[in-house]
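Residue numbers (the numbering used here), protein chains in the order written: chain X, 13 to 231; chain Z, 13 to 231; chain G, 1190 to 1410; chain E, 1190 to 1410.
Keep in mind that the hints were calculated from the coordinates and are not lab data.
Don't take each hint at face value.
[Unchecked claim] Computed footprint of chain Z on chain X; a stretch qualifies when at least three of its residues, placed anywhere within it, have a C-beta under 8 Å from a C-beta of chain Z:
(1) 38-52
(2) 150-163
[As the list claims (entries may be wrong)] Below are the DSBU-like pairs computed for lysine-lysine, each with C-alpha atoms no more than 30 Å apart in a straight line:
(3) K141/X <-> K1191/G
(4) K141/X <-> K29/X
(5) K141/X <-> K1397/G
(6) K104/Z <-> K58/Z
(7) K163/X <-> K104/Z
(8) K29/Z <-> K141/Z
(9) K146/Z <-> K1328/E
(10) K1397/E <-> K1261/E
(11) K146/X <-> K72/X
(12) K58/Z <-> K163/X
Don't be surprised by glycine CBs; every beta carbon is placed ideally from N, CA and C.
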Amino acid sequence: MINKQVASLAAALNGIKDGSTVLCGGFGAVGTPDELMDALLEQGAKDLVIVSNNAGVGAKGLAGLIGAGRVRKIICSYPRSDDPRAFDTAYKTGKIELELVPQGTISERMRCAAAGLGGFYSRVSAGTKLAAGKEVRDIDGVPHVLERPLKGDVALIRAHRADRWGNLTYRKSARNFNPVMAMAADLSIVQVAEMVELGEIDPEAVHTPGIFVDRIIVI
Amino acid sequence: MINKQVASLAAALNGIKDGSTVLCGGFGAVGTPDELMDALLEQGAKDLVIVSNNAGVGAKGLAGLIGAGRVRKIICSYPRSDDPRAFDTAYKTGKIELELVPQGTISERMRCAAAGLGGFYSRVSAGTKLAAGKEVRDIDGVPHVLERPLKGDVALIRAHRADRWGNLTYRKSARNFNPVMAMAADLSIVQVAEMVELGEIDPEAVHTPGIFVDRIIVI
Amino acid sequence: MKPLSRRQIAWRAAQDITDGAYVNLGIGLPTLVADFIPRDREIVFHSENGILGLGPAPGPNELDPDLINAGKAPVTLLPGGSFFHHNDAFLMIRGGHLDIALLGAFEVSEDGDIANWTTEDPDFPPGVGGAMDLAVGAKEIRVLVEHTTRDGKPRIRKQCGYPLTATRCVKRIYTNLAVIDVTPNGMVARELVEGLTFEELQNVTEAKLTLADDWQPLKAA
Amino acid sequence: MKPLSRRQIAWRAAQDITDGAYVNLGIGLPTLVADFIPRDREIVFHSENGILGLGPAPGPNELDPDLINAGKAPVTLLPGGSFFHHNDAFLMIRGGHLDIALLGAFEVSEDGDIANWTTEDPDFPPGVGGAMDLAVGAKEIRVLVEHTTRDGKPRIRKQCGYPLTATRCVKRIYTNLAVIDVTPNGMVARELVEGLTFEELQNVTEAKLTLADDWQPLKAA
Chain X
13 MINKQVASLA AALNGIKDGS TVLCGGFGAV GTPDELMDAL LEQGAKDLVI
63 VSNNAGVGAK GLAGLIGAGR VRKIICSYPR SDDPRAFDTA YKTGKIELEL
113 VPQGTISERM RCAAAGLGGF YSRVSAGTKL AAGKEVRDID GVPHVLERPL
163 KGDVALIRAH RADRWGNLTY RKSARNFNPV MAMAADLSIV QVAEMVELGE
213 IDPEAVHTPG IFVDRIIVI
Chain Z
13 MINKQVASLA AALNGIKDGS TVLCGGFGAV GTPDELMDAL LEQGAKDLVI
63 VSNNAGVGAK GLAGLIGAGR VRKIICSYPR SDDPRAFDTA YKTGKIELEL
113 VPQGTISERM RCAAAGLGGF YSRVSAGTKL AAGKEVRDID GVPHVLERPL
163 KGDVALIRAH RADRWGNLTY RKSARNFNPV MAMAADLSIV QVAEMVELGE
213 IDPEAVHTPG IFVDRIIVI
Chain G
1190 MKPLSRRQIA WRAAQDITDG AYVNLGIGLP TLVADFIPRD REIVFHSENG
1240 ILGLGPAPGP NELDPDLINA GKAPVTLLPG GSFFHHNDAF LMIRGGHLDI
1290 ALLGAFEVSE DGDIANWTTE DPDFPPGVGG AMDLAVGAKE IRVLVEHTTR
1340 DGKPRIRKQC GYPLTATRCV KRIYTNLAVI DVTPNGMVAR ELVEGLTFEE
1390 LQNVTEAKLT LADDWQPLKA A
Chain E
1190 MKPLSRRQIA WRAAQDITDG AYVNLGIGLP TLVADFIPRD REIVFHSENG
1240 ILGLGPAPGP NELDPDLINA GKAPVTLLPG GSFFHHNDAF LMIRGGHLDI
1290 ALLGAFEVSE DGDIANWTTE DPDFPPGVGG AMDLAVGAKE IRVLVEHTTR
1340 DGKPRIRKQC GYPLTATRCV KRIYTNLAVI DVTPNGMVAR ELVEGLTFEE
1390 LQNVTEAKLT LADDWQPLKA A
């Protein structure tokens, strides 16, 4: 029988290794897997590479991980936020590496990994500083940048509802990066508000099919 | 006010030109825009390039267009069917060109066009006859074929419900190629069983957002 | 001569958005445009974080913490709106499915290059967000910008001094002084605020301008 | 010596599918496998046309014309199943999200190459469907095949004679005579039908086989 629900945050995060690439869902403070990120601090993995649209707010969640020196590198589109003190401090003291990637390109690079493709050509960032060091190719007379897949060892996801097969639904704009990240990691760990019976989620309205989900914890 | 519903099949297909690339939804006989394809026969456009997973069944729909000599070329993964007489006849007499593409690659090439990308690298077909003439590149030691975007001038789509903004839902496996084709053409024309009021389709369960839809006809 | 206020710039840009358009409003000044759409037009606003059909700001009882726009402000959803994931949101942007993106900018060049993501201020880490995707992807890019910096330096330049967001993409610029089109033959001033001469406009513009034969006074409600 | 029937080959392959696996069944012989999954295992079957959680064939009152599998036969959906579009269906395939794909084949080579899409019969136009995507994408490829052609020619060969579907992807082969693994050290016979000697098996197999030390009789219910 398939049952992806686990009993504790510790069980949810079990086995995450030092040096892992961790995809963290959310946009701003919406749809972020806060409890999973706090639990990752507890869990102890270090030298992490974090992929996240933003770089943490205040002192909890991702900011907590950065503040504790556990993040070697962050790949994001917009490290600023209302209260970016943890990232700012780490950045100014050279304790964190920043790879700045356009928002759509981060998302597409993760989908590229999820889809088993080797790379794609995009006009985005061609002719700008963010294309520095990247291969550029003219396609139909227009310069395109070669972008490579971005795969996670782990994804930390926040959804609204789940069933035991791992089917997920999200609420409104809390969906954001969560579905693409759930697809793009070897191990996808999801925090949800609610478990429902198998079959209760309309099969026409599953946002993330269970095939992309490994562990679920109810918060 | 936005109202994408049109009054007649003739209005739905108005302006489709000779030589157009037409994406036709459906898989086998499920989710195929039969009435739109029959109306395209009436409409008269010729020298068409058709993109469709299959190559028509019997004598109606796509098979009718092929039988009438209106299709110059078909891009598909599986031209056989239970009753492939129209395609078989045209193929054996050299009256239609066949570009055979793996099913996932057709779909991904259309998405590539929809997403405004210049191409992608895929392992699929590397080392096979279907990669003949295509650029191959080793990525991380694995040969990948460069695939180019596949864009439609027109897409003919079959959905279940629509609202006046063009939001669509499909039924079960009739969804298949329809969503990706709706995204990948300059002009997306949709036949639906039913129009519903704006707001009746759950915003969490829209299968094709209206931004991808131009004209809707109720059949 | 009275320059337009920020709300007046937004009003002017709003008048050019045609009925039925799919539009993304950049953070800051462009966001104000939503308040000035003529009532007889139905516009579908898009947000990078997976929304089509953004409605006005929520009343106190409508606030939903899971419903924000790309600027992270609370919003509402209109009937006919939809939610989707980030990847589809950027497919829409990059794939040319948006009719118009209205963007803020630090600078715009004569060729329509735009710089709007970093001033390379060493006190702040750089952030790009969706700026490059929007500038490359939308069918038409229009910029809303103060004509000059606080120090009076021109923002409409021969070449951008700040790092580029994208090249040759801007089609129209709305400023507090003028409406300017970027054309294959260079920049053309279409509207000037009343009391401003073309010469005065050129003096605060580094890029070379020509005055449209059918230029109009720039009016704002 | 009694070769397995097609249903027995399917039964044998079914025994190796572990609880909770995500599996795609190719058209033809592999489709039969669904009938023989041990009852205590919950398997999620995937279909290229956008389905996870395929159930058994529908009863006469359950038939829904909009619900077919990749072989275009009517099916049902289990609770927990979901529908999605073709692009996501092939993202699952190509991206390595399926644990197992069970495929039919014309030929398999010593290196694990598979030929299963065309015999280049001039009487038929070629069709590839999802064969190449599946062979490249699933985590593990297992083939179900009659050991020889109707004319007695081996289907397990040093090199495939028919056009390749994909290279070096097959891990295990179930035939009416044996279960054979493709390993870095060549093909290893793990199970032989009772009464068949290894020498007899090698005689109908073009590829070089070795016999596993712990080989077993090939049993089928």
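* Can you name, in rising order, the numbers of the hints this structure does not satisfy? -> 1, 3, 4, 7, 8, 10, 11, 12
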